[in-house]
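K.L.:
Below are the chains, spelled out letter by letter.
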Amino acid sequence: MPRGLWTTTVGSFPKPPHLERARGQFARGEISADQLLQLERDATIEVIRSQEEIGLEILVDGELYRGDMTTYFAELMQGFQISNPVRSYGNRYYRKPVATGPVRRTKPWTVDWWKFAQSQTKKPVKGMLTGPYTMMDWSFNEHYPSREALAMDLAEAIREEAIALAEAGAQFVQVDEPAVSVRPEELKLAIKALGRAVEGVKAKTITHICYGDFDVIYPALLDLPVDMIDLEMANSRYDLLDRFKQHRFTKEIGYGVLDVHSHRIETKEEIKQGILRGLEFLKPEQMYIDPDCGLKTRTVEEAKEKLAVMVAAVREVREERGITA
Amino acid sequence: MKIETTLSGSFPKLPLEPGAPNVRVVRNRMDQGKATEMDLAEATRETTRRIVALQESAGVDLPVDGNVGWDDAQTAVARGLGGFTIAGLIRYLDTNTYYRQPEITGDVAWTKPVTVDDFKAAQGMAHRPLKAVLPGPYSLYRFSRDRHYKDPNRAVAAVGQALAGEAKALEDAGATWIHFEEPWLGRATAADAPLVAAALEPVLRGRKAKTMLHVPFRSPGAVFGSIRDLPWTGIGFDLVEAPDAWNLIPKVPAGRTVGLGLVDARNTRLEDPARVAADIHRARSMRSDLSWQLCTTASLEYLPVDRAAMKVARLTEAARLASANGG
Chain A
1 MPRGLWTTTV
11 GSFPKPPHLE
21 RARGQFARGE
31 ISADQLLQLE
41 RDATIEVIRS
51 QEEIGLEILV
61 DGELYRGDMT
71 TYFAELMQGF
81 QISNPVRSYG
91 NRYYRKPVAT
101 GPVRRTKPWT
111 VDWWKFAQSQ
121 TKKPVKGMLT
131 GPYTMMDWSF
141 NEHYPSREAL
151 AMDLAEAIRE
161 EAIALAEAGA
171 QFVQVDEPAV
181 SVRPEELKLA
191 IKALGRAVEG
201 VKAKTITHIC
211 YGDFDVIYPA
221 LLDLPVDMID
231 LEMANSRYDL
241 LDRFKQHRFT
251 KEIGYGVLDV
261 HSHRIETKEE
271 IKQGILRGLE
281 FLKPEQMYID
291 PDCGLKTRTV
301 EEAKEKLAVM
311 VAAVREVREE
321 RGITA
Chain B
1001 MKIETTLSGS
1011 FPKLPLEPGA
1021 PNVRVVRNRM
1031 DQGKATEMDL
1041 AEATRETTRR
1051 IVALQESAGV
1061 DLPVDGNVGW
1071 DDAQTAVARG
1081 LGGFTIAGLI
1091 RYLDTNTYYR
1101 QPEITGDVAW
1111 TKPVTVDDFK
1121 AAQGMAHRPL
1131 KAVLPGPYSL
1141 YRFSRDRHYK
1151 DPNRAVAAVG
1161 QALAGEAKAL
1171 EDAGATWIHF
1181 EEPWLGRATA
1191 ADAPLVAAAL
1201 EPVLRGRKAK
1211 TMLHVPFRSP
1221 GAVFGSIRDL
1231 PWTGIGFDLV
1241 EAPDAWNLIP
1251 KVPAGRTVGL
1261 GLVDARNTRL
1271 EDPARVAADI
1281 HRARSMRSDL
1291 SWQLCTTASL
1301 EYLPVDRAAM
1311 KVARLTEAAR
1321 LASANGG
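Order-wise, the sequence lines are chains A and B.
Numbered per my numbering, the first sequence spans residues 1 to 325.
Numbered per my numbering, the second sequence spans residues 1001 to 1327.
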C-alpha cells in the first residue's frame, strides 16, 4: 500500500489578537520582554495543540514570536539595521533590513523556540529559516559591493543556524526562498547560496517558493539543492501542473492547496480535486499537502477551518486511493 | 541649461511626521469598523497634498500625485476598465511587493474615466502642472492573464485602445504630461517587438499631451528598434539597475526627451549629488539634440518615506549642480 500525502503547513500562523496587542504594548514600553515572551510561549503551545487537534502530521511552531520573515532574523544578526515601514501591497507594510556592515550570526536565532515547540508534541516540528537569497533580495544593501557577496555571507550565517537546528533534533529544516521565483537570471546564485546554507545539515531539507513566474524558472528550479520544494498550487489554479506534465517534478513537493490570501474557506471537494489532479503527475510519496504559503494573514479561526477542511480532504483521498500515512 | 526633474510613479503614503493624516491608520480603523470611507477619502486627500507639497518645496519641476489611492501599480486602473476581473496576489516582478493579477475575462474597453478625478483633485493642490501616471499598455497586458482573447495580438491591441481612452480623458482634464510605467519593455525579447509596438501605438498616436515611456529595472534594448519611431515624447531609463541602457541614448531620435533614472528608488543608500551631476554631464555630452529629465529609477514607494524624501532632495540638488556646472 503506498504511503504519502502527509499534511503540514508552510510556517507562520496568525497571531491571536491578544498577542498582537501585547506586541504593540511591548513596542511602546508598556510591558516587559519577559511578559511578552510568556504570552508568545503560551500562544505557541496553543498553536501546537491546535495542529494536533486538526490532525496535521508535521507541525510548525507558528512563528508567533516573529514579525516579518526577513526582519526577524536581521534584528538578531550583526551588520543589519532596520528601516522604517515599506509597503508590500495594499495596506500591508513591513520594516526592511538594511545591510550596513558585514552580516554575522552571533547567537542562535530559533533553536530555543524549536526546542520549546518540539517539547510540546511527539510529532515532528519543522525548523524554519529564511534563505540567503531571499534575505539578500529583500534587504537594502548599503555595505556590500555586490548582491552575491551579501547572499554568500548570509548563507554562512544561515548554515550555522540550520546545523544547530539539526543537531538539536529537527528532522525537517525548511529554508524559505520565496524570492527565487522572480529573478531567473540569478537562479544560479540562489542555488549556490542555498546549497551552502544546507551543506552538511543532517535533516530533510525543504525550501518554500511562491508567487512568481514559474514559466521562466521551471524546470531549472529542480536544481535547488534540497530534498523538498514547497510550492503554491491553489493560488495559480494548479496551472503549475501543466509544467509538470511537460517536465516531471523530480523532488518531493510541498503541495499548496489553500489560498492564504482569501477569507473564503475552501470546500473539501475542491481540495480533493486539486490533490487528485496532482496525483496524475506526482506519486503520493512525493507529496506533502499544505497551504500555499504562511497563514499569518488569516484570522485564527479561518486558519483552523481551512486546515481542518484540508486534513479531511486528504483523509478522503487516502481512503479512496488506498494510501496510508 | 537647467535639467527638468520628475519622479516615476508612486510615492510612499505614510507621513514623515507622527500624528499627520495617515491612510494606513485609517484603513486599519476601517477594518475595525471605527472609520468610514469619508475618513479614508480625507486621509487620501491630505496625503496627496503632502506628497505634492514635498515635491514642490524640494523643487521638483514635474511632480506626480503619488497614486495614494492605488493598492498596486496595475489593478487601480485595470479595475476601472471593461473586461478585467481582479484575481490572486502575485509578486510584482523581482520586487518584494505584490499586485492582484488582472484577468482579461471579456472585451477590454475604456468605458469611463478611471484616474481623472484623482488627477484633477491633485492638480488643484499643486502650483505647477502635474504629470499623470498610468500603467503602460504592454506591461498591463503582460501583468494580466488573458482568459478571453487567447490571442496576444487581439488582447494587446484591446489593452492599448482602452488605455488610450484613459490617456485622452486625462488630456481633456488638462494633463500636459502622461507617464506610462513600462517595466515589461525591459523584459521583452526581440520576438515580442510586434506586440510591444501594437500595445504602444494606440496610446501614443494623436496625443496632445507629452508622453513618457518609463522603463524601470532593465534596459529595453531588445525592443528599442521597434519602439524607436513611435510618437512618444520621452523615454525613461533605469541607469542604476540597467547601466546598459546608456547604450540606447545614441539611438534616441533627435528632438526627444530622455529620462535619466540616476536616483535609485530601490536602495536606501543615498546618492552623491555631484556624481549624479557628473552622469548628467556625461549624457549631455553624448547628444546635444535631445532634451533631458532627471528622475528616479522607479517608484519611490519601494523605500521608506524618510529615505524617499531624502532621495527627492538629492535629485533636485543634483539637478541644481548639473545646471550650475552648465552640464
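Derived by calculation from the structure, the hints in this document are not laboratory data.
Even for Gly, the Cβ is constructed at its ideal location relative to N, Cα and C.
It cannot be assumed that every hint is accurate.
As the list claims (entries may be wrong) - Residues on chain B that point at chain A, a partial pick, calculated with CB under 10 angstroms:
(1) 1001
(2) 1004
(3) 1012
(4) 1017
(5) 1028
(6) 1099
(7) 1244
(8) 1247
(9) 1251
(10) 1252
(11) 1267
(12) 1270
(13) 1302
K.L.:
Under the criterion of a CB-CB separation shorter than 10 angstroms, is residue 1267/B in contact with chain A as hinted?
P.N.:
Holds - the Cβ of residue 1267/B comes within 10 angstroms of chain A, reaching about 5 angstroms at its closest.
K.L.:
Restraint: residue 1004/B near chain A, CB-CB cut 10 angstroms. Satisfied or not?
P.N.:
Nearest chain A Cβ about 28 angstroms off; hint violated.
K.L.:
Given a cut of 10 angstroms on the nearest C-beta pair, is the interface hint for residue 1244/B held or broken against chain A?
P.N.:
Result: violated, 13 angstroms to nearest chain A Cβ.
K.L.:
Could you check if residue 1270/B really has its C-beta closer than 10 angstroms to a C-beta on chain A?
P.N.:
OK, holds: residue 1270/B within 10 angstroms of chain A, min 9 angstroms.
K.L.:
Hey, does the residue 1099/B contact hint survive, CB to chain A under 10 angstroms?
P.N.:
holds, 7 angstroms
K.L.:
Close enough to count: is the Cβ of residue 1251/B nearer than 10 angstroms to one in chain A?
P.N.:
Because about 24 angstroms separates residue 1251/B from the closest Cβ in chain A, which is outside the 10 angstroms limit, the hint is violated.
K.L.:
Min Cβ distance, residue 1028/B to chain A: is it shorter than 10 angstroms?
P.N.:
Nearest chain A Cβ about 7 angstroms off; hint holds.
K.L.:
Does residue 1001/B pass the interface check with chain A, least Cβ-Cβ distance below 10 angstroms?
P.N.:
violated, 33 angstroms
K.L.:
Quick check on residue 1017/B please, does its C-beta sit within 10 angstroms of some C-beta on chain A?
P.N.:
violated, 12 angstroms
K.L.:
Holds or violated: residue 1012/B as interface residue toward chain A, Cβ cutoff 10 angstroms?
P.N.:
holds, 7 angstroms
K.L.:
Can the hint on residue 1252/B be confirmed by a CB-to-CB distance to chain A that is less than 10 angstroms?
P.N.:
violated, 26 angstroms
K.L.:
Checking hints one by one. Is residue 1302/B an interface residue toward chain A, by the C-beta closer than 10 angstroms rule?
P.N.:
holds, 7 angstroms
Taken one by one, the earlier hints fail for this structure at numbers 1, 2, 4, 7, 8, 9, 10, listed in ascending order.
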